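*Asks:* Chains as they are written, first to last, in this note's numbering: chain X, 1 to 159; chain D, 1 to 159; chain U, 1 to 159; chain R, 1 to 159; chain W, 1 to 159; chain G, 1 to 159.
Derived by calculation from the structure, the hints in this document are not laboratory data.
There's no promise every hint is true.
A pair counts as met if it fits within one copy or between any two copies, since identical chains are not told apart.
The calculated DSSO-like cross-link candidates involving lysine-lysine, where the alpha carbons are at most 30 angstroms apart (straight line), are [what the hints assert, rightly or not]:
#, residue 1, residue 2
1, LYS21, LYS151
2, LYS20, LYS8
3, LYS21, LYS2
4, LYS151, LYS20
5, LYS152, LYS21
6, LYS20, LYS152
Quick caveat, the model's predicted, so the values are computed rather than measured.
There are 6 protein chains.
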Amino acid sequence: MKPSHVDKNNRPHMVPIGDKKTTRRTARAQAVVCFPPGWLQRIDAETLETEKGPIAHTAILAGILAAKKTGDLIPLCHTIALNHCHLDVTLRNDSEISIESRVEADHHTGVEMEALTAVSIAALTVYDMCKALGHDIQITDIRLLEKTGGKKTYRLNAP
Amino acid sequence: MKPSHVDKNNRPHMVPIGDKKTTRRTARAQAVVCFPPGWLQRIDAETLETEKGPIAHTAILAGILAAKKTGDLIPLCHTIALNHCHLDVTLRNDSEISIESRVEADHHTGVEMEALTAVSIAALTVYDMCKALGHDIQITDIRLLEKTGGKKTYRLNAP
Amino acid sequence: MKPSHVDKNNRPHMVPIGDKKTTRRTARAQAVVCFPPGWLQRIDAETLETEKGPIAHTAILAGILAAKKTGDLIPLCHTIALNHCHLDVTLRNDSEISIESRVEADHHTGVEMEALTAVSIAALTVYDMCKALGHDIQITDIRLLEKTGGKKTYRLNAP
Amino acid sequence: MKPSHVDKNNRPHMVPIGDKKTTRRTARAQAVVCFPPGWLQRIDAETLETEKGPIAHTAILAGILAAKKTGDLIPLCHTIALNHCHLDVTLRNDSEISIESRVEADHHTGVEMEALTAVSIAALTVYDMCKALGHDIQITDIRLLEKTGGKKTYRLNAP
Amino acid sequence: MKPSHVDKNNRPHMVPIGDKKTTRRTARAQAVVCFPPGWLQRIDAETLETEKGPIAHTAILAGILAAKKTGDLIPLCHTIALNHCHLDVTLRNDSEISIESRVEADHHTGVEMEALTAVSIAALTVYDMCKALGHDIQITDIRLLEKTGGKKTYRLNAP
Amino acid sequence: MKPSHVDKNNRPHMVPIGDKKTTRRTARAQAVVCFPPGWLQRIDAETLETEKGPIAHTAILAGILAAKKTGDLIPLCHTIALNHCHLDVTLRNDSEISIESRVEADHHTGVEMEALTAVSIAALTVYDMCKALGHDIQITDIRLLEKTGGKKTYRLNAP
């Protein structure tokens with residue numbers, strides 16, 4: 001088979017969405033930033049505080065700004081005016097910071113790439129702000145958690 | 001400790017680089033796109049061909065364009081004029097597409113975020129072009145492979 | 001109280017607008033560029049002519065382009081497709097150039113930030129083009145003049 | 001007469017489109033890249049292959065990305081969310097590569113500038129990738145082929 | 001006289017800087033956001049805290065990102081790779097939030113427009129985040145505080 | 001042969017420029033906007049005036065802004081900080097508006113794509129502002145006039 005983003009002549013191809021219905025679309029995605037054991041303890045509690053420290057705030061804002069420019073970053077994505085983009089940054093345990101996004105729009109096509117772009121850029125921002133600790137940091141588990149409003153609903157099975 | 005990107009008042013902070021030496025900086029990074037077993041076999045060989053198919057070409061170009069705008073995506077990164085940005089997209093096995101970047105600049109600061117941004121956006125582009133197959137795709141193992149030209153050289157230990 | 005752009009955990013927060021009604025939204029804003037007495041007289045009349053000189057034209061175009069990218073500049077603003085953006089540049093007296101914008105869209109949320117961004121960037125453009133005269137220039141009185149189409153209409157009292 | 005993009009005071013002017021009807025708008029445009037006789041034969045067939053070689057792929061993607069940012073490039077254009085943007089790159093004869101775009105949106109105004117911007121940037125991309133051959137390359141015949149959905153339909157007479 | 005940004009034919013004109021010396025350039029600028037008396041007291045102390053609350057963090061990041069794209073916002077500005085951009089957000093008294101920027105680059109031309117753009121966009125961001133309180137907010141006193149490294153040094157007299 | 005922008009595996013490829021010498025680079029390019037006979041006479045002389053009318057001013061500014069973002073538009077171009085970008089818009093005869101650009105930078109690579117992008121976007125802007133007259137407008141003769149500072153100097157033979 002050919003994926004929808006490749007045409008019969010094997011060229012990159014933007015999917016026409018004019019005949020799809022405009023509906024309320026939502027998507028949720030996640031990314032995890034993994035640090036070697038002990039690294040995160042070296043950071044000031046107040047700085048790391050994922051509810052309101054500067055690292056979490058910067059990552060949240062970078063993710064929101066990136067979600068808004070998904071159509072400029074992923075060549076075959078459509079430009080979509082979002083109703084909402086929310087990010088959570090959570091210190092999951094002593095070596096993982098988890099990022100989750102929730103995006104909503106009323107459009108002819110889904111917003112899963114917006115949700116995935118938001119968590120990816122937010123994770124890179126966490127990496128950037130912590131890289132003075134060293135470069136053995138890894139971004140992993142970038143995936144869609146849920147998607148509603150299109151022909152098919154998707155929900156990731158709990159691991 | 002406070003990471004270098006947070007100031008003593010706990011605010012997000014751009015690191016001043018004016019007094020660092022301009023040297024030849026390089027960085028290499030990778031990302032892996034993982035598919036459930038069997039999915040990739042459903043795609044036309046010619047389309048998937050990671051040497052020259054449309055998926056690889058689109059991912060390579062998205063990665064290069066993203067590397068050039070790293071400073072616009074990661075809030076505390078500096079804008080850097082790159083000498084070079086190269087991406088490889090490889091079908092590693094029947095469920096993994098691996099992406100590797102190599103970036104070079106002559107600047108006061110390193111280009112690791114450029115290399116990491118390139119592979120991240122290239123991986124999201126592969127996801128976008130294959131997502132018609134389903135959403136159980138995952139982007140993982142985004143990490144720095146090597147970094148030269150600054151105070152410290154970094155090289156990832158082989159796994 | 002917490003402003004609408006901060007969530008209960010005290011993090012920056014994009015206001016969800018999906019459930020607001022799409023209506024015709026308008027906003028008008030102003031900015032004033034103030035020069036020391038006598039400076040503006042040193043500029044060629046034809047150049048300064050705020051109806052059609054190059055300074056006014058450049059400021060108008062910079063303001064329109066900026067209004068269109070408000071969502072990329074102000075992190076928690078939504079991306080809005082504008083129906084219209086108009087700017088007036090007026091030589092108010094011998095030391096003040098006044099800039100006024102009028103923006104319109106059909107959207108779930110207001111366009112006041114677009115109107116304010118337009119006049120701010122237009123004012124910075126006037127500053128840039130005149131700064132060879134000296135740097136004792138000041139941009140002041142950036143405010144909303146009127147806003148219609150949302151839950152509340154706003155109109156600035158005449159001073 | 002004054003064109004619609006200039007106001008009565010002779011200033012650049014964005015046309016207000018709020019009162020125009022939202023309809024399905026389409027546009028098709030073309031550009032031609034002309035090479036001196038014999039040049040194109042020097043390029044590897046596989047590279048040049050306009051159906052699926054790297055030159056065609058890069059030009060197609062550059063054109064699609066440019067169409068999406070027309071409102072950021074052409075100062076008085078409106079930002080339009082496109083339903084679709086398709087480009088064809090064809091080796092017309094031994095000295096001409098022809099580029100054709102087809103754009104669609106549901107909006108208050110036409111998408112002809114999006115179609116024209118797409119072919120222009122795609123043509124510049126072909127130029128960029130081939131310029132190592134020499135600089136006697138020329139981009140020509142950029143024009144609208146068809147436009148539907150507004151007050152007037154336009155169709156170029158066959159030459 | 002004609003300002004440097006207008007040519008002899010009265011057209012907008014980018015100043016050629018190739019023959020100016022590359023030196024260390026710095027600039028500092030400020031903006032003030034003024035609220036009606038009593039408004040700021042209605043905001044949660046923790047939210048408003050200008051050292052580390054979400055409003056200050058968002059404004060700082062918006063200002064840094066804007067400084068990096070000054071050349072894309074102000075039509076006749078040059079693109080400059082900054083060494084550093086720092087912003088302070090201070091609650092000056094019960095009705096004023098003051099914003100100050102400090103920018104540094106090694107370049108042929110000054111960075112005063114970068115410093116002014118940073119404070120302007122940061123001030124608009126504070127406005128955006130507080131506008132749920134009402135629209136009687138005003139941005140004022142945008143001016144250069146200091147500029148070093150070019151032919152002339154500038155320092156604002158204390159008021 | 002393979003052009004320099006395609007690698008041995010036939011993939012799009014950014015040319016590494018780190019080992020090229022930084023020298024003063026200049027380029028000049030042109031584009032022509034052709035109108036059917038008689039059309040231009042229908043436009044107000046003051047509006048059309050290519051020395052200082054709003055059409056010329058808007059085209060000049062669009063061209064300068066586009067030159068600065070060439071690296072974001074042409075996927076394999078490097079980001080280059082320009083010293084200068086100048087555009088001339090000339091009413092060549094009663095059916096042709098000619099646009100000429102001159103670009104300068106000190107860099108490892110040439111600025112011909114910047115010069116060509118500037119005239120292309122300026123020409124599209126003229127088209128946009130005049131299209132209310134009709135769509136039988138054509139952009140043609142986009143080519144390099146001169147290029148200096150690299151290994152080879154190029155100068156177009158007079159036609």
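*Asks:* Now tell me, hint by hint, if it's right for this structure.
*Replies:* Tested hints:
1. LYS21 <-> LYS151: Both: 10 angstroms inside a chain and 25 angstroms across chains, each within 30 angstroms.
2. LYS20 <-> LYS8: This pair counts as within: shortest intra-copy Cα distance 21 angstroms, inter-copy 37 angstroms.
3. LYS21 <-> LYS2: within (24 angstroms within a copy, 37 angstroms between copies)
4. LYS151 <-> LYS20: Both, since 9 angstroms and 25 angstroms are each at most 30 angstroms.
5. LYS152 <-> LYS21: Both ways: LYS152 and LYS21 sit 13 angstroms apart in one copy and 27 angstroms across, limit 30 angstroms.
6. LYS20 <-> LYS152: both (13 angstroms within a copy, 26 angstroms between copies)
Violated hints for the displayed structure: none, as all numbered hints are satisfied.
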